[in-house]
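Modelling step: build the complete structure from the supplied sequences, incorporating the hints.
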Amino acid sequence: MLELRGITKKYQVFPAVNDVSFEVKPSEILGYLGPNGAGKTTTIRMLAGLLEPTKGGIYYSGKNIKDDLYEYKKRIGYVPEEAEIYPHLSAYDYLLMAGRLRNIPEKILNEKIEQFMSLFSLAEDMHSAISSYSKGMTQKVLLSSALIHNPDILLLDEPLSGLDVETSLIIKGLVRKLSQEGKIIFYCSHILEVVEKVCSKVIIIHKGKIVANDSVENLRNLMKLPSLEEIFNQLIIHEDSERIADHVVKAMKHDS
Amino acid sequence: MFIYEKIYKLPRGDIRQILILTRHFFQRLFINDIVFFEEQMKERIIAILAILAVLFSYISHIILWKYEFIGDKGTSWVEKCYIIFFFMTIMGFIAALEWDVIFPDSRDFSNLLPLPVKIRNLFIAKLASLCLFILLFSLGINSLSTFVFFFYLPKWQSPSVLFSLRFVFAHLISVLAAGFFIFFGIGLLIGILTSLLGHKIFSLISLFLRSLLIIVFVFMIVFLTGIPPLRSSFLLFRESNSLFLYIFPPMWFTGLYETLLGNNDPLFSALFVFAVLAFVVPPLAFYLIEVLGYRRYIIKMQEVKKRTAHFVRLKKFSLNLFNSVFLRNHIQRAIFHFFGKTLARSMLHKMRVASYLATSIAVILIILVLGPRSIQELSDVNKTLLSIPLVLSIFLLIGIRAVVNIPTSNGANWVFKLTEATDKKNYFSGLKKGIFFFMLFPLFLLLFLFYSFLWGWQLAFYHCLFGMIVSLLLMEILFVNYRKIPFACSYLPGKAKLHLYWMIYIVSFLIYVFLMSSIEYKILNSPSSLFIFYGVVLIIIVVLKVLQNHFIHKKLEILYEETPEPAMVTLIPDE
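Chains H and S, in that order, give the protein sequences. The first sequence maps to residues 1 to 256 in the numbering used here. The second sequence maps to residues 1 to 575 in the numbering used here.
These are calculated hints, taken from the structure and not from any lab test.
Below are the DSS-like pairs computed for lysine-lysine, each with C-alpha atoms no more than 30 angstroms apart in a straight line:
hint: 1; chain 1: S; residue 1: Lys316; chain 2: H; residue 2: Lys74
hint: 2; chain 1: S; residue 1: Lys118; chain 2: H; residue 2: Lys250
hint: 3; chain 1: H; residue 1: Lys107; chain 2: S; residue 2: Lys316
hint: 4; chain 1: H; residue 1: Lys25; chain 2: S; residue 2: Lys417
Note that the structure is a prediction, hence the values are computed from the model and not measured.
Right under this line is the structure:
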């Protein structure tokens, strides 16, 4: 089980994440929702061990990850929100490097890379530089890199970004399949429909604080609203979106 | 007239667009593969111009002060030619540094084409930014030297103040024309070669060509600084009306200089015509080639570069063999190949290393010119020839030490953070093995072939082994406190503090090169002492490695983010 206990992360004095606590059990897919700047990426970066919390702790199987961060990192697969990847390398080179850093035996690594590339329809382009890839292709490389070492915990930050419909469907199916295999999946996204369909539990975060934490079903019943989008609107969006749209149009037409 | 009329007829919107683009392109001239002045751009430009201006005024003083005693009897054109030649060399060197941004590149096109920017405006702005750049450097570099010329020369021709002002004008116009010629000449070379060879082939040879130009210009700059104008030779050429005077470009601008001063000598009148053509034709031709090459460039830009692997089995077999022999640790393997791939594919890093190597070759040429006096001496075993591998290796290693600090992609280093191992020594071993196999080993292999040709393989082997072992020692010293993953950690420039420690760097260079070559010269005669030397150096390397592995790397944290030094240093120690 992955557990966050009273996590706070401050950038100088501003708390990006403020006293957040939750847990994700094996076979659970936790959807993590929130508007821009809510603290989603900060949370996921702390979960990946890339950022240290200012206060509180992250526990995996009852142990604080700080006690053996290296061992913990071996167990996670991470897909970042931005396609932060070395553009001069080819997909093959990148995965080879990531696999080597994770100490996957060379022969198995090569076979795995070929399988992943072929399954993600990248076999033909795997020796071209990533700089020449589309956003979707880069995302496939990042997904492959997150999965290649068969992690126990998957941290996905907008994993469907830039992917075509077919690959999106594959990834959604894959996420469900992995949860059935007992993996812990932390799924960060803006696409409410996907979270509604894929995730077993949802957390909504706003201005660094959790405003909802339950299953989609329970949230719907509790708030008496038909969809996650409506729940999200109710909890987060206090401004009239129609009014803002009007203002944007007015600003566009402003000539002088 | 044609361009003037075209610009004159442009609507105000276009002029504004051109001005904005000119500013943009001008700033980009200071952010490229070699020159990176993103921060403190103005201050750095002023500092460089000030140094060059002082250098030029000093040289002008050195070559002109004799006229205080002998007076100018119409022979000062030799000194004018010399200073123009020197200026052209400096401008040529600057053009070689600006190589990759002389033409608009893919980043310019991909950012500007989606905007409603007229292609014509884009090209005019590019041309204008280059003209502005040349104008700035021409006037800046010659600002002080013009006064030195003004002080020593015009009084021998006319006491009139107006003539003195005309003299200043002639001086500045001549150097400006020379600057235009050399800068746009190099621009034209790039344009013509790209058109003739195609973008793909040109990008393959571009690195070598640029390095070659840097070598030539650095060599010439140092050479010209040390050698005064060959006055008697030029006067002889003049007497015999030698063809050399007509084909030597600095003479064209000397002709322009003299003609603007009212000298009616037929030689200078003829050279004046060449100078005017050399002033006007290259920028126009540059503009044309820029426009003509654009369409093809755009087509190339839209093509996705597909790279297919060749000889897959053979490559895999040889790589596996290499990995299992030399890179037994998985971290070492990852870092080694990341280092190699980055240097092979990142133009910025490749170009930086190439510029260090080019400078080392220029230094070697200078040592060779100043060293042996005859061809026989040139092939004998002597300290000058023995120092070549040391000069190459010190520049190469310092270059790599600087280049590995520059990240390829900010933010992509999470993959290293996420997979970081407890024992850090393998990261640094992988890097050092990379430096050895990708850099030092090929370099010394080439040197071995060269020295085998000169001295026979046995002596060449001993010599290259000596150089390689000394280079390995230097590498260990340079990387003793290195705490980063190559090309993957943030970097704050200026930590070498060149402006403070330049003397220490020069002394270290001299000690390394000349002391080591002297030691080698002495011990080459007795192979037994050579082996003692190898033994001593190897022991030092082993001791350094043990120190690193057991005392430094085990406690070390990898430095992913570099923090700036405090703006104010206090005497109170940190708690």
